Amino acid sequence: MSSDIILTIKDLQFKYGERVIADGMDVQIQRGKITTIMGPSGTGKTTLLRMIGGQVRPHAGSISYEGKSIPDLGKNELLQARKSMGLLFQASALFTGLSVFDNVAFPLREHTKLSEQMLSHLVLSKLEAVGLRGAAQLMPAELSGGMARRVALARAFALDPRLMMYDEPFVGQDPITMGVITRLIKLLNDSLGMTSIIVSHDVHEAMTISDYVYMISEGKVIASGTPDELRESDSPWAQQFLRAEPDGPVSFQYPAKDYQSDLFASVE
Amino acid sequence: MFEPIRLIGEAALRKIARLGQASLFISQVIASLPMLLRRFSLVVTQLYEVGVLSIAIIVISALAVGMVLGLQMFYTLRDFGSEQILGQVVALSLVRELGPVLAGLLFAGRAGSALTAEIGLMKATEQLSSMEMMAVDPIKRVVAPRFLAGVLSMPLLAAMFSSVGIIGGYLVGVGLLGVDSGAFWSLMQANVDFYDDILNGIIKSFVFGIIITWIAVFEGYDAKPTAEGVSRATMRTVVHSAFAVLAFDFILTALMFGGN
Amino acid sequence: MYSRMTEIAVGLFVAAGIGALVMLAMKVSNLGAFSDTEGYIVNARFENIGGLKVRSPVRLGGVRVGRVNAINYDQDRYEAVVEMTIADGYDRLPIDTAANIFTSGLLGEQYIGLEPGAEEEYLDSGDVIELTQSAIIIEQLIGRFLLNEAGSE
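Protein chains in written order, with the working numbering: chain X, 1 to 268; chain L, 1001 to 1260; chain C, 2001 to 2153.
So here's chain X without its partners, still in its complex pose (with noise of 0.2 Å):
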């Protein structure tokens, strides 16, 4: 059962006033895969995040996750769909008020009745995953950027979701953080049979783990493929994306009236 789908957005329509989030947009997400949607930034792939978790309802077009319509769920079903997921916010979003074991245990707290023990047993173990089980008793300011996105993860996949969805989660991060981050991605996915879904626009990274790859343009799936497909694909707008080239179907400018007359009605 690895290739069936476990998420399905079909002709999903999303406005922020007049910035089109989603126009038209189709993506099937293939249970137990890493599956990268990337895009220039800006183009609102977190708010599409936020709508697979329901946060966000949707215009139109349909959003499917393991069957249930997220935007048709009502608030108890919805809190029981997001028990399965898992968010790592490209924040991180730790709780400030609480130590980074706290952080981790809020979810089992929450949602469990372990006994301490089991707890704390637990928390250590995903803190172990992450490499930072030392940071237990450390508070969320006292975190490098780098640390605080991997509390983040151990919070996020603490109560083992089937799907993981990642927001930028390699923005801002040294390159050496970017190897752990990454690494851990995968190690999670494949070790414990999650899907995951990341948001991004670092080509490489993203290139280099990713099962299948969606490239969304004006609310659009411009090219879609493995990989391997995207690098040898035609598409111009792929092309551009992949050589990072300033400009091509991406304009490096911001919609704007003609250039000439902005200059002579400042000099009016």
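Take the hints with a grain of salt, since some may be wrong.
[Claimed, not checked] In the EDC-like style, the derived pairs of lysine to aspartate or glutamate whose C-alpha atoms are separated by at most 16 Å in a straight line are:
no., chain 1, residue 1, chain 2, residue 2
1, X, Lys113, X, Glu128
2, L, Lys1015, L, Asp1196
3, X, Lys10, X, Glu110
4, C, Lys2027, L, Asp1193
5, C, Lys2053, L, Asp1193
6, L, Lys1140, X, Asp211
7, C, Lys2053, L, Asp1196
8, X, Lys75, L, Asp1137
9, X, Lys33, X, Glu66
10, X, Lys83, L, Asp1137
Keep in mind that the hints were calculated from the coordinates and are not lab data.
Computed from a predicted structure; not experimentally measured.
Start from chain X and add chains L and C according to the hints.
Here is chains L and C on its own, set in the frame of chain X:
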């Protein structure tokens, strides 16, 4: 020429819509209060943050207010030769008005602003959002215990304010200015009524506690998730709470003491 | 997730708050001194009660023995009817006890002063005190004084 009228109407509608949002929000909070009985440790933690940490400012201010009140009232009363009733005057002003109102204003400044800033920052740093994604409702887990702690703390703090204030008045009146200690207490007891004065004061402080904490948690939860948004929300909490306390004090006073 | 110290501090806070409430109730207000329920009721009729209020004290030789419960006006006899509660401990008031309305000090509050009579029978719950003297109204006093002055000239 209709532009100003249109703008006023728009502003009024915005305010009304906001009141509606705040009411819906607080009804959600109240609905999740019963669940706190099973996890009272959450409330205890907040009682510490909201209540215990406010004691210092309440006690120090109360002592100062009581002493000044004793001093000022003494010189006025002496002109009429009735400095004996100092205790009664100090106690009545504190119990009926100054205790609940000043404790409310201080509570808004100390605990209300802290609540808004804390919840606002949790929102700005996506802590609330990540809690939602962990299938935990932040209204139940974060807002409800803080609201309950605020509502429980305020009457206790106001009672402390009145008591300490009366002691301050006693220290100045009896200790410094030579009012007879027996007269100070007995005339106070004879003229302060438990139901009309003390119970009404407690009811006032309870109402203020609900209003201030409501404003504080709503502003925090509703803050724009940016540094500027949180600082503006904190400012709004203090300003709105102060106005609300003064306005409701007038209304409650008219309702309670209007009869006599 | 919270320490023992927090628990203790919160415990002290709640105890101090309740302590303050108890102090307000017992030491500051009249709850500690006197309550409505224990006592028997006596009525008295006055032509004029001046500034007497509900809960004004009732004194016997200067000692507080009760409080005014209710004040009504009897339209048939054109008199004010004052209902007062007297504490159970003071149950040997002769039936010819007099009730006067006095003022404590020049600007003080008004209270009912009882003066015991000489009868052997005692007042019982619901009895009416017959001998009463109304409050002294300063305006009337001044009026009478001016009238006398005018008359003597």
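Verification of the supplied hints:
{"no.": "1", "hint": "X:Lys113 with X:Glu128", "verdict": "violated (22 Å)"}
{"no.": "2", "hint": "L:Lys1015 with L:Asp1196", "verdict": "violated (35 Å)"}
{"no.": "3", "hint": "X:Lys10 with X:Glu110", "verdict": "violated (33 Å)"}
{"no.": "4", "hint": "C:Lys2027 with L:Asp1193", "verdict": "holds (11 Å)"}
{"no.": "5", "hint": "C:Lys2053 with L:Asp1193", "verdict": "holds (13 Å)"}
{"no.": "6", "hint": "L:Lys1140 with X:Asp211", "verdict": "violated (39 Å)"}
{"no.": "7", "hint": "C:Lys2053 with L:Asp1196", "verdict": "holds (13 Å)"}
{"no.": "8", "hint": "X:Lys75 with L:Asp1137", "verdict": "holds (10 Å)"}
{"no.": "9", "hint": "X:Lys33 with X:Glu66", "verdict": "holds (15 Å)"}
{"no.": "10", "hint": "X:Lys83 with L:Asp1137", "verdict": "holds (12 Å)"}
Against the hints set out earlier in the document, violations occur for numbers 1, 2, 3 and 6.
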